[in-house]
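Put chain A on the given structure of chain W with help from the hints.
There are 2 protein chains.
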Amino acid sequence: MITDALKKEFETTVGKDNVMTDAVDLHSYSYDSAVLEQIQPGIVVRPEQSEDLGKVVKLCNDNGLKLTVRGAGTNLSGGTIPHPGGVVCLTTALDKILEVNEEDLYAVVQPGVITAKFAAHVAAKGLLYPPDPGSQAVSTLGGNVAENAGGLRALKYGVTKDYVMGVDFFDVNGELIRTGGKTVKCVTGYNLAGLMIASEGTLGVFEKFILKLVPPPAAYKAMMAVFPDVMDASRAVAAIIANKIVPATLEFMDNFTIRTVENFRKAGLPVDAAAMLLIEVDGHPTQVEDDAAKVESICKEHKATSVRVAKDDAERNAVWQARRDALPALARVRPTTVLEDATVPRSKIPAMMEALDKIAKKYDLTIGTFGHAGDGNLHPTILTDKRDKKEWHKVESAIDEIFDEALALGGTLSGEHGIGLAKSKYMKNECGIAAIEYSRKMKSVLDPKGILNPGKILGPLLA
Amino acid sequence: MITDALKKEFETTVGKDNVMTDAVDLHSYSYDSAVLEQIQPGIVVRPEQSEDLGKVVKLCNDNGLKLTVRGAGTNLSGGTIPHPGGVVCLTTALDKILEVNEEDLYAVVQPGVITAKFAAHVAAKGLLYPPDPGSQAVSTLGGNVAENAGGLRALKYGVTKDYVMGVDFFDVNGELIRTGGKTVKCVTGYNLAGLMIASEGTLGVFEKFILKLVPPPAAYKAMMAVFPDVMDASRAVAAIIANKIVPATLEFMDNFTIRTVENFRKAGLPVDAAAMLLIEVDGHPTQVEDDAAKVESICKEHKATSVRVAKDDAERNAVWQARRDALPALARVRPTTVLEDATVPRSKIPAMMEALDKIAKKYDLTIGTFGHAGDGNLHPTILTDKRDKKEWHKVESAIDEIFDEALALGGTLSGEHGIGLAKSKYMKNECGIAAIEYSRKMKSVLDPKGILNPGKILGPLLA
Chain W
5 MITDALKKEF ETTVGKDNVM TDAVDLHSYS YDSAVLEQIQ PGIVVRPEQS EDLGKVVKLC
65 NDNGLKLTVR GAGTNLSGGT IPHPGGVVCL TTALDKILEV NEEDLYAVVQ PGVITAKFAA
125 HVAAKGLLYP PDPGSQAVST LGGNVAENAG GLRALKYGVT KDYVMGVDFF DVNGELIRTG
185 GKTVKCVTGY NLAGLMIASE GTLGVFEKFI LKLVPPPAAY KAMMAVFPDV MDASRAVAAI
245 IANKIVPATL EFMDNFTIRT VENFRKAGLP VDAAAMLLIE VDGHPTQVED DAAKVESICK
305 EHKATSVRVA KDDAERNAVW QARRDALPAL ARVRPTTVLE DATVPRSKIP AMMEALDKIA
365 KKYDLTIGTF GHAGDGNLHP TILTDKRDKK EWHKVESAID EIFDEALALG GTLSGEHGIG
425 LAKSKYMKNE CGIAAIEYSR KMKSVLDPKG ILNPGKILGP LLA
Chain A
5 MITDALKKEF ETTVGKDNVM TDAVDLHSYS YDSAVLEQIQ PGIVVRPEQS EDLGKVVKLC
65 NDNGLKLTVR GAGTNLSGGT IPHPGGVVCL TTALDKILEV NEEDLYAVVQ PGVITAKFAA
125 HVAAKGLLYP PDPGSQAVST LGGNVAENAG GLRALKYGVT KDYVMGVDFF DVNGELIRTG
185 GKTVKCVTGY NLAGLMIASE GTLGVFEKFI LKLVPPPAAY KAMMAVFPDV MDASRAVAAI
245 IANKIVPATL EFMDNFTIRT VENFRKAGLP VDAAAMLLIE VDGHPTQVED DAAKVESICK
305 EHKATSVRVA KDDAERNAVW QARRDALPAL ARVRPTTVLE DATVPRSKIP AMMEALDKIA
365 KKYDLTIGTF GHAGDGNLHP TILTDKRDKK EWHKVESAID EIFDEALALG GTLSGEHGIG
425 LAKSKYMKNE CGIAAIEYSR KMKSVLDPKG ILNPGKILGP LLA
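Chains W and A supply the protein sequences, listed in that same order. Numbered per the numbering used here, the first sequence spans residues 5 to 467. Numbered per the numbering used here, the second sequence spans residues 5 to 467.
Just chain W, same shape as in the assembly:
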């Protein structure tokens, strides 16, 4: 319960203009991008200085107030849905790029920096920050680290985890902890930076990051391959990797998604195709030529009816616009869009596609599937209406089966969307009780009052 006295303390800490308790503000921060029930916080605060962020953490801990820190709230697992009546702390004012070191190839940033803005900033200096989650235009780097965000380029370049060299974070007492560093190699102490990644705000509050940058590729080439059969497309993905080609991006769209995207923006997509692969290879110009030629011939060997190679940047943009359109186009079809990210080893994609097809038929649901085929990270997207209780019940059963199938194929509950509130009940199926108990022990000593983003990942704790 946020008393007037507590509200005053927050106002003293972050300034009166940065404390919100109006109904409309509380409502605004009661949800994120997951399809879950809204939960109203008791107060929303927005520190402008990182010292104040530490003070907010301490104030919450001293008073046993549950704290959820959030940036843009684009996560799809309820990782930033607050505790009822708890504190929401916005990082949006902590948005400074503190350093870009062009000699040593790293940057130092605050957690509230927008991902795409940061990528553009370093691109202007001739450098690349590869992680490119779908929400990059609005997501913050803090959220990316908290969820270990992936993206389209993960196949070749890896995910957020692979670019975090250091994390400074506040522990629950508001003490600043430094971990990792600016050197390529660093083994001093526990890998707390690694532990912070994907911990969804449950073990500490990020103050700043040291992020790795890389030289951008000298050349790239995008292409679109059209398949009359989903299984052939899936097999082409496996064959590309088996031929030791690692494309920067290797994306999949099924027929339903293709048709929906074409309906959304007339771009001349092959609406009769069972599936499309959208592929980009990058690197040295000669390598790009060689890889593109090999990819084209592998797709044709796997019965692609056409492979269109983008001739210029405009054509390349058209390829990626189609991919970017997938989610907004699907989301228009029905009132509720459930975007899943159960992930399998890439050789199991054909089996996963078959399973998805069966599940859709069994429950009579519309599932459009697209996603990152190259790393086995598909996004089966269920189009439904949550208000239709009968259908929603079928959706829940279908989701259960999708997870069971992914795990049976040696995969994971979540490739890049996180566990949050949405998937914590499934954790034991993948990790087993022992891993959860080990994690709970850690949590219990690092956050003894259980104030840091309660309920996320590990479910309700007894603490």
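None of these hints come from the bench; they were simulated from the model. It cannot be assumed that every hint is accurate.
Identical chains share a label here; the pair holds if one copy fits it or two copies do between them.
As the list claims (entries may be wrong) - Quick list of in silico lysine-lysine cross-link-like pairs, DSS-like style, CA-CA up to 27 Å:
hint : residue 1 : residue 2
1    : Lys307    : Lys362
2    : Lys160    : Lys129
3    : Lys160    : Lys216
4    : Lys59     : Lys429
5    : Lys121    : Lys248
6    : Lys59     : Lys432
7    : Lys62     : Lys432
8    : Lys216    : Lys432
9    : Lys100    : Lys248
10   : Lys393    : Lys248
11   : Lys366    : Lys390
12   : Lys160    : Lys298
13   : Lys216    : Lys298
14   : Lys432    : Lys445
15   : Lys453    : Lys398
16   : Lys298    : Lys129
17   : Lys129    : Lys248
18   : Lys394    : Lys100
19   : Lys62     : Lys393
20   : Lys216    : Lys248
21   : Lys445    : Lys62
All values reported here derive from a predicted model rather than from experimental measurement.
Just chain A now, kept in the frame of chain W:
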């Protein structure tokens, strides 16, 4: 204290032939590759089955016996020096490569697999396991993960951490915990696999690993650039990176090291050179040609007197033999070899080289410096005699100053050798008290009796 009854229990668990208490065996496992005092364990055990490894852990915890798990003991920081009278558990019999998945590019291995043997095994299948620590011919993968081993290829390919997809480990109660997985993307639960890396056996005992494999480069080219001035060589390193070239390997040797190596094996090295850079670029054949030409011209711009490009595999091997000879050659000169690995952001190498020169002069010590210039990870190697108390005192002061200098330049105490016993007292200078306290809290709840490799990283605990 290992009683007869306890010895019997160990014998029942791992078999009589796998339990050692003879003086000669206890002596054999009383040290590792660090220059530290020997400490005798009370018993040495060698489980042949991974279930038995879990039972050994439980037996130790139930009886409050301090446990140090080790492979080849090649670490340079005392990470595998046992507790006085404690238990040493060898992983050398747990040496199976359980799976190599050529479609999904991963392998599953037990901790006792020898690094080079594993690399050769996957190479025979046309795949690359990049981490190549100097001790790879004898080191185990378990030790590599426990220390987050680096190596020569880290500049382009990263360190052990970058290839660990999953870790199964026993907690202190002998419960098996699974973390990470076989998919390229995985964000299910805390990144416990990441936490295990570099934790030096203090948080759990490794049962198996899932390791990432990559396609090997299609071509490579090695070269040797000779400089009449150390600073010019250092600046050439920075210029290569600033030109957005990322060599697979970019190694440095100073004049003292060059002369010592030439003395060790007559190979025609330039004994008058102030410094040499040993460089390998790899990738697509055309890229290799382009990069090699650029590297050559950058070295010449920075006053290299000669750049020799290896014409064939024999010449390439000669380049790398010289680098591999550095440590054994230096180690012959005096009775005691102190191999340091204080690491700086790579642009600070010239400053670090100047500092090392000053420190050597100040204390009148012989320091040969070689190492991984490309990632700022130099190995200043002090040649001394530990029995000479007066000189040893100077060596200790010099080491203190080397660490101070590395930290002042934004670097780290250890790039790849670990903290172990040797550097735990310096931890607070880099990480601060808060990070150590945070780590100690974790340790205290995950290992309440403090049996897991006590004293390493965090120093003596009160527990």
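Here's how the hints hold up against the structure:
For the homomeric pair Lys307 and Lys362, the shortest alpha-carbon distance inside one copy (24 Å) is at most 27 Å, but the shortest distance between copies (68 Å) is not. For a Cα distance limit of 27 Å, the shortest separation of Lys160 from Lys129 qualifies both inside one copy, at 22 Å, and across copies, at 21 Å. For the identical chains of this complex, Lys160 and Lys216 are neighbours both inside a copy (15 Å) and across copies (13 Å), given an alpha-carbon limit of 27 Å. Taking the closest pair of Cα atoms, Lys59 and Lys429 never come within 27 Å of each other, the shortest separation being 33 Å inside a single copy and 30 Å across copies.
Taking the shortest alpha-carbon separations for Lys121 and Lys248, only the inter-copy value of 22 Å comes in at or below 27 Å, while the best intra-copy value is 33 Å. In this homomeric assembly, Lys59 and Lys432 come within 27 Å of each other (Cα to Cα) only across copies, at 23 Å, whereas the closest approach inside a single copy is 35 Å. In this homomeric assembly, Lys62 and Lys432 come within 27 Å of each other (Cα to Cα) only across copies, at 23 Å, whereas the closest approach inside a single copy is 32 Å. Taking the shortest alpha-carbon separations for Lys216 and Lys432, only the inter-copy value of 25 Å comes in at or below 27 Å, while the best intra-copy value is 33 Å.
Taking identical chains as interchangeable, the C-alpha atoms of Lys100 and Lys248 lie at most 27 Å apart only when they sit on different chains, with a minimum of 26 Å there against 40 Å within one chain. With identical chains, the CA atoms of Lys393 and Lys248 are never at most 27 Å apart, being 48 Å at best within one copy and 57 Å at best between copies. Taking the shortest Cα distances, Lys366 and Lys390 sit within 27 Å of each other inside one copy (19 Å), while across copies they are farther apart (75 Å). Within a single copy, Lys160 and Lys298 get their C-alpha atoms as close as 17 Å, and across copies as close as 25 Å, so both meet the 27 Å cut-off.
Taking the shortest Cα distances, Lys216 and Lys298 sit within 27 Å of each other only across copies (24 Å), while inside one copy they are farther apart (31 Å). When the C-alpha separation of Lys432 and Lys445 is checked against a cutoff of 27 Å, the pair qualifies both within a copy, at 16 Å, and between copies, at 25 Å. Taking identical chains as interchangeable, the C-alpha atoms of Lys453 and Lys398 are never at most 27 Å apart, the minima being 38 Å within one chain and 49 Å between chains. For a Cα distance limit of 27 Å, the shortest separation of Lys298 from Lys129 across copies, 21 Å, qualifies, whereas the shortest one inside one copy, 32 Å, does not.
When the C-alpha separation of Lys129 and Lys248 is checked against a cutoff of 27 Å, the pair qualifies only between copies, where the shortest distance is 12 Å, while the shortest distance within a copy is 31 Å. Proximity of Lys394 and Lys100 under a CA criterion of 27 Å is satisfied in neither setting, with 48 Å inside one chain copy and 51 Å between copies. Neither within a single protomer nor between protomers do Lys62 and Lys393 lie at most 27 Å apart by alpha-carbon distance, with minima of 43 Å and 50 Å respectively. In this assembly of identical chains, Lys216 and Lys248 lie within 27 Å of each other by CA distance both inside one copy and across copies; the values are 26 Å within and 14 Å between.
For a Cα distance limit of 27 Å, the shortest separation of Lys445 from Lys62 qualifies both inside one copy, at 22 Å, and across copies, at 18 Å.
In terms of the numbered hints stated before, the structure departs from hints 4, 10, 15, 18 and 19, listed from lowest to highest.
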